[in-house]
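> In case you want the letters, here they are:
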Amino acid sequence: MKMLGLSNKDTRFLLIVIALTLLTPIILQPFPEGSSLAQFNAGYPDLMQRFAIFGIFAIGFNILFGLTGYLSFGHAAFLGVGSYSVVWMYKLLGYNVVPGILLAIVVSGLFALLIGFISLRRSGIYFSILTLAFAQMSYNLAYSVLTPLTNGETGLQVYTNDAQVLMGAGAPNSPHFFGIVMNESSKLNLGGWEFTFNNGYYFCAIVAILVFYLSLRIFRSPFGLMLRAIKTNQTRLNYTGLNARPYTLAAFVISGMYAGLAGALMASMDPLAGAERMQWTASGEVVLMTILGGAGTLMGPILGAGFIKYFENIFSKINDQVLHGWFAFLPDGLENFIIGVSHFFVGKSWHLTLGLLFMLVVIFLPGGLVEGGQRIARAFRNRKSKDDGAQARTQPAE
Amino acid sequence: MGILEVKNVGKRFGGLQALSDVNLSVKENSVHAIIGPNGAGKSTLLNCFVGKLIPDTGSVMFNGQSVLGLKPYEINQMGISRVFQTPEIFSDLTVMENVMISCFARRDGSFRMHPFETVAHETDIVEQAEQMLEDVNMLDKRHMHAASMSRGDKRRLEMAMCLAQNPKLLLLDEPTAGMARADTNNTIDLLKEIKEKRDITMAIIEHDMHVVFSLAERITVLAQGTPLVEDTPENIKGHPKVKEAYLGEAA
Numbered sequence: 000m001k002m003l004g005l006s007n008k009d010t011r012f013l014l015i016v017i018a019l020t021l022l023t024p025i026i027l028q029p030f031p032e033g034s035s036l037a038q039f040n041a042g043y044p045d046l047m048q049r050f051a052i053f054g055i056f057a058i059g060f061n062i063l064f065g066l067t068g069y070l071s072f073g074h075a076a077f078l079g080v081g082s083y084s085v086v087w088m089y090k091l092l093g094y095n096v097v098p099g100i101l102l103a104i105v106v107s108g109l110f111a112l113l114i115g116f117i118s119l120r121r122s123g124i125y126f127s128i129l130t131l132a133f134a135q136m137s138y139n140l141a142y143s144v145l146t147p148l149t150n151g152e153t154g155l156q157v158y159t160n161d162a163q164v165l166m167g168a169g170a171p172n173s174p175h176f177f178g179i180v181m182n183e184s185s186k187l188n189l190g191g192w193e194f195t196f197n198n199g200y201y202f203c204a205i206v207a208i209l210v211f212y213l214s215l216r217i218f219r220s221p222f223g224l225m226l227r228a229i230k231t232n233q234t235r236l237n238y239t240g241l242n243a244r245p246y247t248l249a250a251f252v253i254s255g256m257y258a259g260l261a262g263a264l265m266a267s268m269d270p271l272a273g274a275e276r277m278q279w280t281a282s283g284e285v286v287l288m289t290i291l292g293g294a295g296t297l298m299g300p301i302l303g304a305g306f307i308k309y310f311e312n313i314f315s316k317i318n319d320q321v322l323h324g325w326f327a328f329l330p331d332g333l334e335n336f337i338i339g340v341s342h343f344f345v346g347k348s349w350h351l352t353l354g355l356l357f358m359l360v361v362i363f364l365p366g367g368l369v370e371g372g373q374r375i376a377r378a379f380r381n382r383k384s385k386d387d388g389a390q391a392r393t394q395p396a397e
Numbered sequence: 000m001g002i003l004e005v006k007n008v009g010k011r012f013g014g015l016q017a018l019s020d021v022n023l024s025v026k027e028n029s030v031h032a033i034i035g036p037n038g039a040g041k042s043t044l045l046n047c048f049v050g051k052l053i054p055d056t057g058s059v060m061f062n063g064q065s066v067l068g069l070k071p072y073e074i075n076q077m078g079i080s081r082v083f084q085t086p087e088i089f090s091d092l093t094v095m096e097n098v099m100i101s102c103f104a105r106r107d108g109s110f111r112m113h114p115f116e117t118v119a120h121e122t123d124i125v126e127q128a129e130q131m132l133e134d135v136n137m138l139d140k141r142h143m144h145a146a147s148m149s150r151g152d153k154r155r156l157e158m159a160m161c162l163a164q165n166p167k168l169l170l171l172d173e174p175t176a177g178m179a180r181a182d183t184n185n186t187i188d189l190l191k192e193i194k195e196k197r198d199i200t201m202a203i204i205e206h207d208m209h210v211v212f213s214l215a216e217r218i219t220v221l222a223q224g225t226p227l228v229e230d231t232p233e234n235i236k237g238h239p240k241v242k243e244a245y246l247g248e249a250a
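Top line first, the protein sequences correspond to chains H and P.
No gaps in the numbering here: position 120 of the first sequence is 119 in numbering that gives the first Met the number 0, and each next residue is one more.
No gaps in the numbering here: position 241 of the second sequence is 240 in numbering that gives the first Met the number 0, and each next residue is one more.
Heads up, a few of these hints could be off.
[What the hints assert, rightly or not] Listed next, the in silico DSSO-like pairs over lysine-lysine satisfying Cα-Cα at most 30 angstroms (straight line): (1) P:Lys140 to H:Lys230; (2) P:Lys70 to P:Lys194; (3) P:Lys191 to P:Lys167; (4) P:Lys140 to P:Lys6; (5) H:Lys383 to P:Lys140; (6) P:Lys196 to P:Lys242; (7) P:Lys191 to P:Lys236; (8) P:Lys153 to H:Lys230; (9) P:Lys167 to P:Lys236; (10) P:Lys153 to P:Lys196; (11) P:Lys51 to H:Lys230; (12) P:Lys167 to H:Lys230; (13) H:Lys230 to P:Lys70; (14) H:Lys8 to P:Lys140.
[As the list claims (entries may be wrong)] According to the in silico footprint, chain H covers these stretches of chain P (three or more CB under 8 angstroms from chain H): (15) 66-72; (16) 85-97; (17) 216-227.
[Claimed, not checked] From the structure, some residues in chain P lie toward chain H, with a derived Cβ separation under 7 angstroms: (18) Ser101; (19) Ala104; (20) Val118.
Treat the hints as calculated values from the structure; they're not laboratory data.
In this text, a Cβ means the ideal position worked out from N, Cα and C, and glycines have one as well.
Here chain P stands alone, though its shape is the one from the complex:
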């Protein structure tokens, strides 16, 4: 039994069958990559995990509980955090405030009215947030406006915000999209470091094969809304079906 169990998931948008009969099992504490050509349904599938979309058929179970029909914030409170393709951060706030919000969400749940406490007096939250920033080497930038940072730093900050919640499952939607080679390698190192330090399961959607083969323990190849094969990176590399999906019938 994996931590994330996807059974017979199907999703249709008008005339387009975006997903059909998707079965997937992500093992606890593993790094599982989902790859596939453009339009294969990777992002649609991810959106079904986090509550942005509800599949027409099938089930998505996280830790033995169904996530279907739950709101994104409820699913997040169950222990699934998501990193977006373009970093979603609170750009009007400082780096420190960004991470503190995650710490508050973890401690206080989805809503708590505390209008007469003072952020600066929440020493445990401040310490947690500083520790988190230290872990991603951003402590020196804690007073910076999040909007004024480089894209690589924004990605790093988003990662810190997700990790500050101590999620069981981290979903990464093309974490290195649009990054220069050096930034990509930094991100790979960061993810490896995170994986070593804590018990966490990661599911990565990625185009960049370099990233996928550096990190993943299992790979699922998606094509036209259906899983083609699921195997270890070594076996995927030379798999004829994968080549066919990426390069077309002629290859």
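For reference, chain H alone in the conformation it holds in the complex:
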């Protein structure tokens, strides 16, 4: 089974990813409505959109960090640029998302070319610091200096007196893709289950599949091989007649465009753009996602993005009331003690849990969640082959 220039194995891999992505609204809704476990469901539009968007962000980041090893701490700047581009297109042209997304990719690509050209003169920690500095400069520009362009701390949004020259009379009054309105969903009730199929999610999901396919091709290309070579030994690369700079710059621009696209999709789901999207914490988040999932692997960044966004959502929803519900069976003193301790790990302080999980993964699974999966698969395979071996030995005796 070969498709689109991929090997058999990669084609199968891509098809699995496509199936999982398209079935996400069902897969993430395993518990019936009204059951006590329903709070662990993740099949609602807002969260699924975030899975897809941050997945795209992390896939792009992985092309730079996972392949070349250059750790950028400034990719949120491109995310923000993407969002602003889209909202500007809403204001000037109308609510169709296509012009905005195209503009976002171009603008973030050019922006990445500029920042990459300067930052890539250095490597290692100096490169990271340079990108961080650029991102913080961009954040401050967006927050105060460039207020006419970004609307400062209020954030950029569409007002009724905006031009919107391409808006037809009957056009939807919120972001749409040629009439398919992003925030509309159809619901399916099956027994106790309720599944939500949201237009916005499917739009993001299809874009995510496309860019995942692109990253798969890059990983398997001679270009991807050169990027991996840069990570492992730049001295040998130079003495093999290869110039590392244009390769790293190309990777930087590509990953910047991915980030711009992710930012554009955020504004396509919700027609707002704010400076806080460019803050360094957002840059740090994508680093966490990539490392947590497994830097340099195809699936890792997507898993990492899903993992962090899922737990962010679940843990931040658990408040003291929920905890009281869980631990009601315990004697009062013990209950209060456990809730007092748990309090630090849920709700608004869920970052503490994320920090602990991150530490555990980095210490015990340096290859991220993907390595965890591989270890489990290997353990199963070993046990199976051991069983087979045992049978093979016992059979002759019988």
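Once you have looked at the hints, place chain P on chain H.
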């Protein structure tokens, strides 16, 4: 006129005159060894050939073109490959990928953006790389991780990577440093075989006299940053100045 012409090269590091007035000519298709005691400036001189250092004075011409001021990758693209004292390979990649990178560099130059081609579909590159590995007897190890190999194999792989570029001049910086006797002899045999099979010039920096006298056609003796003598191995062996440089005045 040699393929590599070094004229009046001098290099100073602070108070240390590392090289002064070095003149050297490496003839095409020859094996030229540069020997000398520790600190004689052998590695400094080599670094001036490959673009890692720029000499303060003098000129280095390769094939009639000056290499001074060029970047290492530009000099490599002119046809100079270098084997390092400790093998420099892409240790996270497989043996095959290591050699393929050299083949790509030879075909596509220092940079080519081809994000939508597939490595596995580049049949000419795959064939070239396999042929190269066959030449150094490593074809059976092509799927191995480069990092997991023995030091001798790493050296062999590095050699294959350099040869895959079909260089005109191969620079070898102590290719047998730290090797056991058997590995050293294997390396000598490999280099002899390479020399027989193709038109290639080699410049070797080496401490091990066994290696030098097995391979070299010309030898330059460097001492305190200046060439002492240049001659054939036979004449170098008994040369009084060489003994003096290695063993000190008293000898």
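> The structure should be examined with respect to each hint, and the outcome stated for every one.
Structure-based check of all given hints:
Of the supplied pair hints, the one linking Lys140 of chain P and Lys230 of chain H holds, its CA atoms being roughly 22 angstroms apart against a limit of 30 angstroms. The hinted pair formed by Lys70 of chain P and Lys194 of chain P meets the criterion: a straight-line CA distance of about 27 angstroms does not exceed 30 angstroms. Between Lys191 of chain P and Lys167 of chain P the CA atoms are separated by roughly 16 angstroms; this keeps the pair inside 30 angstroms, and the hint holds. Using a Cα cut-off of 30 angstroms, the hinted pair Lys140 of chain P and Lys6 of chain P is violated, with the two alpha carbons roughly 43 angstroms apart.
With a CA separation close to 29 angstroms, the supplied pair Lys383 of chain H and Lys140 of chain P stays within the 30 angstroms bound. A C-alpha spacing of about 35 angstroms is found between Lys196 of chain P and Lys242 of chain P, which places the hinted pair above 30 angstroms, so the restraint is violated. Straight-line distance between C-alpha atoms of Lys191 of chain P and Lys236 of chain P comes to about 21 angstroms, which keeps the hinted pair within the 30 angstroms bound. Distance restraint check for Lys153 of chain P and Lys230 of chain H: the Cα-Cα separation of roughly 18 angstroms lies within the 30 angstroms cut-off, and the hinted pair is therefore satisfied.
With a C-alpha separation of about 29 angstroms, the suggested pairing of Lys167 of chain P with Lys236 of chain P holds against the 30 angstroms cut-off. The straight-line distance between the Cα atoms of Lys153 of chain P and Lys196 of chain P is roughly 22 angstroms, inside the 30 angstroms bound, and the hint therefore holds. A threshold of 30 angstroms between alpha carbons decides the hint, and for Lys51 of chain P with Lys230 of chain H the separation of about 20 angstroms falls inside it, so the pair holds. A hinted pair counts as satisfied when its Cα atoms are at most 30 angstroms apart, and Lys167 of chain P with Lys230 of chain H qualifies at roughly 28 angstroms.
Our distance criterion of 30 angstroms between C-alpha atoms is met by Lys230 of chain H and Lys70 of chain P, whose separation comes to about 20 angstroms. Between Lys8 of chain H and Lys140 of chain P the alpha-carbon distance is near 23 angstroms, which keeps this suggested pair within the 30 angstroms criterion. Only when three residues or more bring their CB closer than 8 angstroms to a CB of chain H does the claim for the segment 66-72 of chain P stand; here the count is 3, and the claim holds. Counting residues of the segment 85-97 of chain P whose C-beta sits closer than 8 angstroms to any C-beta of chain H gives 7, which meets the bar of three, so the coverage hint holds.
Under a criterion of three residues with beta carbons nearer than 8 angstroms to beta carbons of chain H, the stated coverage of the segment 216-227 of chain P fails, only 0 such residues being counted. Interface hint status for Ser101 of chain P: upheld, as the beta-carbon distance to the closest one in chain H is roughly 6 angstroms, under 7 angstroms. A least Cβ separation of about 4 angstroms between Ala104 of chain P and chain H falls short of the 7 angstroms threshold, and the interface hint therefore holds. The closest approach between the C-beta of Val118 of chain P and any C-beta of chain H is roughly 6 angstroms, which is under the 7 angstroms cut-off, so the hint is satisfied.
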